[in-house]
Structure formats: structure tokens, C-alpha cells
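Starting from the given sequences, assemble the full structure and let the hints guide the process.
These protein sequence lines are chains A and B, in that order. The opening residue of the first sequence carries number 15 in this note's numbering; numbering runs sequentially from there. The opening residue of the second sequence carries number 25 in this note's numbering; numbering runs sequentially from there.
By construction, these hints were calculated from the structure, which means they are not laboratory data. Just so we're clear, the structure is a prediction, and the values are computed from it rather than from any experiment.
Keeping only pairs whose Cα atoms sit at most 30 Å apart, straight-line, the calculated DSSO-like set for lysine-lysine is:
#1 B:459 / A:269
#2 A:509 / B:336
#3 A:358 / B:498
#4 B:263 / B:243
#5 A:509 / B:159
#6 B:336 / A:495
#7 B:122 / B:146
#8 A:509 / B:459
#9 A:495 / A:509
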Amino acid sequence: MQDPAPPARPALRTAALLSAAAAAPALLMLTERMPWAWLGPFLGRFHTVILHFPVALLLLAALLEVFQAASPGARRFPLSVVMFFGSMGAVTAMALGWLLMHADAVKGPLVHRHMQGGIALAILSVVTLFTCVLAEAESGRRTVLWIYRGLLAATCVMLVRTAHDGGSITHGEDFLDEYAPWHKAKPHEAFQFPVSKPLAQWDIYAHVVAPILQERCYECHSARNVKGGLELGSWAAIQRGGKDGPVLTAGAPEKSLLYQRIDLPLEHQEHMPPRRRAQPSPEEMALIRRWIAMGAPEKGTLAAVHLDSRLLSVVGQLPALLSSGAAAPEGGDSREIDPAAVAKLRAGLAAAVASLQAKYPNIITYESRQSADLCLNAAPLGGGFRDADMAVLAPVRDRIVWADLSGTAVTDRAAQAIGAMRNLRVLKLANTAVTDSLVPALASLQHLESLNIHGTSVTPAAMSGLERLHALRRIYVAFTKIPADTPCPESMRGKLIFANAVAPVLELTNLGPQKP
Amino acid sequence: MNTDENLLRRLRMEQLHGETRRHFLRTCATGLGAMFLGTAGRGLFGASERLDFTRDPTSPLAVLPPQFAAKARRVIYLHMDGAPSQLELFDYKPELQKVSGQDCPQSFLEGKRFAFINGMPKMLGSLYPFHQSGKSGAWISDRMPNLERHIDDVCFIRSMRTDQFNHAPAQLLVQTGSPRLGAGASLGSWATYGLGTENQNLPGFMVLVSGGNNPDGGKALWGSGFLPSVYQGVQCRPKGDPVLYLSNPPGVSRNMRRRVLDAIDEINQQNYQSVGDPETLTRVAQYEMAFRMQIEASEALDLSREPDYVHKAYGTKPGEECFANNCLLARRLAERDVRFIQLYHWGWDSHGASAKEALNVGFSDRCRETDVPVGALLDDLKARGLLEDTLVVWGGEFGRTPMQENRGGAAQTEFKGRDHHPGAFTIWLAGGGIKPGFSYGETDAMGYEIVENPVEVRDLHATILNQLGFEYHKLSYLFQGLEQKLTGVLPAKVIRDILA
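Next up, the structure:
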């Protein structure tokens, strides 16, 4: 500035006035004491809007100051104006953030740090504004200028830290650098799945519900980040509930907020997890529902719950799900599936699948575009597909969930290869030469829901072996040596499907022309 | 030269002087807007994530996985050409019975167009008695006792409606999603386009017409529209050999046939190299399929390989044109993984103008012709485990009025009939992940208007595609600058309530 320095006292007064004006929005915090209860929560939501102003303006002020320092001869920008609005924004954002924190009952160390940062930033920016006005007015005094610049730098550091914490609360802590090459996925607090034990001995809370909650809810409801006052990180914390009270009504999923909010339609404002986040699959929801229905116990094994095959197979996939991040296989819905996880699984299979597809075109395909599971349909090859061909499937056998070998030349010698496809849900062996001696090998197919052996020479002796397949719901035994009136164990009743013995009704009387 | 240049520069300067802030902003806005629309904006219109259906051009029917895990791997569609009366079969209306013979309320006629009804028609109650059946307690008339055996396997939609009241456009709408000839691709061609077919020795989309009249909508009903023609339906002959010339003529060996095809292929390939018409490749692929079909199709289409009790159950008539033969063929083709099997029965247009078209005569015959084979087909699919992943659809192209048709205002005749009615009709679906023993939607007491859960044809299409593993708006084909879809441009919805 070329003008001679104005007297110090008016400059001080201007600075004090401007600073006071910038700090005034702090009064917004008092709305909590006002009689209109809606006002605080309402204004609080504007925190997410207002906060962008101080971020931009304060950084702009710093940027301009750098230019200023680099070319001292140039005309000074009216930086105090930018600083004024910047610090006013910081104070406003702080006040609104305070309101938001109380309205939405957000807690946790991250939130606490963000709050402290916000308050510090507001104070710091107002002080910086004060020195800025002084420095502009008293261009002669180098000390004031350098104090101001130091404060501005501190403000910026505080700003970046606070803004980053805020972003982490909203988007998750590894949002920013998730795709950076150095990024390493935060290891899940390793769940110890008792993989060696049968599913029935798994704990329903510790091994089923907790992993699902971790996958779907912890981002916002763990000890580290407690939105809505709700922490789902431990059984005890779940019992405490959130700001709207308890989230569980033992035995009544429909009355439990925890289930209600997941069950709302995706478009509903209150739906959880929020619309843009990965959603629990219907099976995962069903598992949570079952858990609440049985009283939401901390201890208790799956043996106490009757789970159908679909749910059991989902439970069986939880360890893989949590390590890969892929959603459970989907049926007819467009819920989010993590394409990256599927791509990773497919990458491991690619070579084997490609060579199989070259050998048997159109016979082996992915179950869907969103899945790394495979369907095998050898039926069109008919007699051209033999026991020996089963060996070729070995590299991908774990991923085959659907297999149609109807009318092929497979025999009992393929038993081992079939039994090795442990994730099969549907197996069709109709019109093949398989016999009762194949059945023991099927014992490993614990996910099998549908078995088609029509037109084979299987006899009632096979029934005891099939009885042990708990997931099995449909067994097609038409045109076998199992007669429709065969005595069958209670557990098999309703699962066996025979040819319909009812003769078609052939008579249909004609009314003939009627006189009007 | 120099002067010219100067003049031009002056002119340019003048123009720039005239340029205002508004001009500048406008230019920016369109430029930026265009850039936005060209990139990020595409996402707004759902265009960013198109599914890829490209295949090796020499195997256009190669299998592609569905978008998500499918409940139905194949479809058997039983189209009842002429539109069967829902009021004589599935839509029980006791109130209508009470007013039968009375004049139709004026409000039924206002603002409505009819194909034949003129003046003041009389109401007409159902000609056949209804009763409840099965665990589901669904109402059904006495005309379809064999379907009734499966009443707990099927799902009725009693609230279908269409916007077409003449046969051809209504059939086209149901089968191709568009009432205009050639403007849409048929359901079956969409299915084979989206999924391909696992059995490469048979067409992926086969059409079986049961003699009599061909459907009014013509062959466009199984046409491929804008899709490559390789996806169109392959029609089998209703009588005699279903496919002609499957066997080589005397003196031609399979080897010789192969050499002929190789020569033709070579010429076609040369033609493709120079002209680049993809239809040439379609032709090559068709020749190859025909060659493979010579073995597999003869076997698949040979009904004489079925044992007697099967023929008896279906009521087949070997060598004749009949729906029963086609139902049995449909099962044989489903067993062989044909993706889409389309059957047409005919003669359901019960206007009452003649015995053949009368609800009290011809209609009953149609029921008898179809009921036994449809019942047997459902029996058979169930026993063989095919119903689990085969979607069966039964329906006409529209419904029939609760008023008796008075053709040309003429006096009532001995034949009873009903006029076309696009406002409400009933269809049923079975298998393929559809909720069994369930009824959806409701019509008013007269069976005239839908009062609950109306289902548009495009909603039915969206639901069928959903069962095949596609969101209806993701199965699309870029043609004439538009992402063509079976459901058209209007919003459709999957009827989630009827899904198992």
C-alpha cells in the first residue's frame, strides 16, 4: 500500500468490530435453548452445506496471501474481505455442526476430534481475521504481518485436519485413498469362524449376526463412529440402543427398530443402510430376523434355529464374504454386488473356465454377470459326455452351483467327481445310468436343494442316504424303481416328486346351441 | 488480396465488439453442457452401464450369462389366439350372473369403442358354473378340469389390460411389445439375443402353430424386428414333418453335404469380407445349424419315440395338426434346452356369430382341445423337474366384454358371444420362480374394469425378463439412435408380488 499508515486506534476498532461480526453466528448454538425444538435439528442439517464456504474461502485467502508475499510490489488484494467471510463461515459451520451432533446423537472418538477441531478452527480463524485487518491497515508493521501469516498457516492446517475428519465421518475412513496404489484395505477385526465345526454348532450372534453387522453397519455404527447414538459393535452395545431408544424387542423383529429400518423400502428416507451403501442380501436380513425372533441371544448355536438350505448356504459363505467383500449370490434383484470382489474371484478361475469353454462351448457359463459361480449344462452333449469328462471340471468344481448331467453317459464312476462339487444347489442326473451306489457320494453336498434322478434305476434303498442331505427340498424320482406308494421316512415326505398317477379328465360336456 | 484480408479482419473485430457477456455465457453453457451430457450425463439417462451382448459373429447364439441369477432358464408360452373369455374360465362374477339379460348400464358404453357391439347390449353372465378349487381356493369354471388339477401350481393374473382391441395389433403387443408390424422384436428373440442357447443343434426359439388359422398378427409375432434375424423364431410345420428336408435326399451323403456347405461358406465369407453385411454371417450360421439339426432335430421332433401312455395322457393325434402334439413337442424341446418355445392355439374369438365362434359351442371345443394337453404338459414338466426352471405362460391378447355381443345390433341368436375387451383379462403363469397357487389383481363386480393391481402388457414382459435374469431396461439393443427394449419407452414394473 502506498497510502500512509492510518492511525492505529481506528484500525484496532475496525478489526475488533469485524471479528465480532464474524464470531456472531456462534450465537446459533443458543437455538438449542429456544422453545422451538425443531429449529436445532433443522439448522444442524445445514452444517453439511455451509462447511464448504470456510474450506474454500480460507484456502483462497491463504493462496492469495502466498501470491501477495511472492510479489510484494503488487497492489494488495482486499484480503480482509475474503478472511471475513471465511472466518464467519467457519464459525457458522462450527455452530451448525454442534447442533447436528446433538440432533443426530453422533458420538465416537472421530466425532469428538472433529468437534474439537471445529471449535479450534473457528477461534483461530477469527483471531486470524483480527490480525489480517490490522496487517492490512498497518502495512508498515512487519511483526503484525508475520503474526497474521503464521496464524493463517495454522488456520489452514487446522482446516484440512478438521475437514478430513468430517469427511471420514460421512464417507468412511478410507474413502479418500481407497483406490490409491498404496492403499491397503483395513484388515477386518479378524472373525474367527469355526470353519472346522459343522454349521449347526456355529454361534448365531458371534459367527452369523456380528459378521453381517460388521459388513453392513460398522462404518457408521461402531465404537469409532457412532451415528444416531447407536453402536452395534458388541452385543452389550446393541442392547443399549440409540437416540431413539432400544433397537431390539426380543422375539419380535417387526417391533425391533434394528430390523424395521433394514426392512423399509430402499427409497424410504429412514431405510438403513443408506441407499448408496452396500445393502444386506435378503438372506442376511432373514438371518438377522431369525436371531431377533429367537430373542436376540448373545449365546446360542444355529442348531436351535431351523434354517433352510438357502440360509444355511449363506451362512457357509460368510467367511468368504467377509474376506472378499463380495455380496452373497443374488436372485433377481438389483441390490448392490461388489463387482470388484467378483472380478477378483473370476480372475482366479479365468484360465480354467476359458479352457473348459473352449472344450465344451456353451456348456459351462457363469450363473450370472454378477457372479463368479458356474452352471454346468452337459445335457446337450448327451452320450458324448462321459465319466472321464468329469475330471476336466476339477479346477472349477468348487464354484459349480448348478449341474445338469441329464441324458449323459455318466455312471456311478463319476460319484467322486460329483461329490466334490460341494456348493451344488441343483443336480440333475435324469435318464442316466447312475444307481444307488452313487448316493453315498452325495453326502458332501450339504447345499443341495434339488436332485433330479428321474428315469434312473435308483431304488428305495437310496432313500436313507438322501435323508442326511438337510438342504434337500425336491427329489424327482418319477420313472425310477421307487414306487409312489413306497414307505418313506417322515423327513422325506413332501420332498419326493413322482409322476402324476391321476388320469386326465377327458369328459367335457358341450352345452350345444341354446334357444334364446 | 491485402484489402480483402483487412476487410475480413475488420468484420471479425466488429463481430467481437458486438459480442456481449451473454453471448459468452451462452457459448460456454452449450459447450460445457454438451461435454457434460456426452460423458457424465449419460449416467443420468441410464446409458452408462449397457450390458454387452456382442458375440463371435459366427456363433450368434452362443450362451451369455444373465444379468443376475435367473429363476427360469426357458419359457413355454401358450398363446390362445383370438382371446379366450376370462368370464367363462377364471374371473368369477356372481353379480354379473344376477344382471344377466338386463340392459347394460349406460356408463359402460360412454367413451368406449367396441369392435362389434352397437346400440344397447345386454349383460351376459358366465355360461359355465364356477367353483373354488385347491388349497389356494381359486375360482375356476368347469371348462378346464385338467388345468384345475394344477390349480395350486399356477398363478393367475386377473388384472391384465392392454390398449389394443383388434387381434393383430393386440397379439403383436403381447408378443413383441409393440402393436405395430415389425416395430418390436418378439419375446423369444429377446430371450435368445440376451441368453443365447445351450443346445447348438436346435434353434433357440421355436414356434409351433396348431393348424387352423395362423395368428392374425402373422409371422411378425415371432419376428426379430430390429434384432439380427438369427434371433427370430423358427416355425415348425403343424402337419407332417415339422421341419422339411431334414434328411438328405437319396444319393447325397452327409459328407457330400458337408463339402457343399464348406464351398458355400467360403463364398459367403468372401462376400462378407467385401460387403461387410452381418446378415451374411447370419446365413452362414443358419446353414451350419441346419446341418447340425439334421441329426438332433429329427430325433427331437419325432413324437413316435414317446411311449403310448404319454400319447394317451396328452391326447396326441400323430400326423395331424393339433395342439396336443405341440404340447408334447414343447416338453421334448424343453428337455433339450430350447430357450423359448412358443405355441399358438387358435379359434378363441367367441363373438357368437356362428357355432364355431360361440361361447356355448366352439369355445367349449377349444377348452377340450387344450385342457387335456395343457394338464398333461404341466404334469410332465413337474414330474421331470422341468417346471422348477421353466416358465409357462398361458394367455390371449385381450379379454372379452361382460356384455353379450349383438353384432350389428341384431337380435340375440342361439349362439352366445362376447366382444373384444382390452380393459381386463386373465392370464396364468407357472413354474420358473412364480408363486404357485396365487391370484393377483381384481376386476369390478361385473368383470369390466380393473379395481386392483392393474398389470400392463409391458409389466408382464418386465416380469418374464426378470425371471430370465434381466432388468427389463438392461436388455436393450441400440437401433435408430434409441436403446430399444421389449417394454418400450414407457416405465414398466416387475410384479414382485407374484414372485416366489
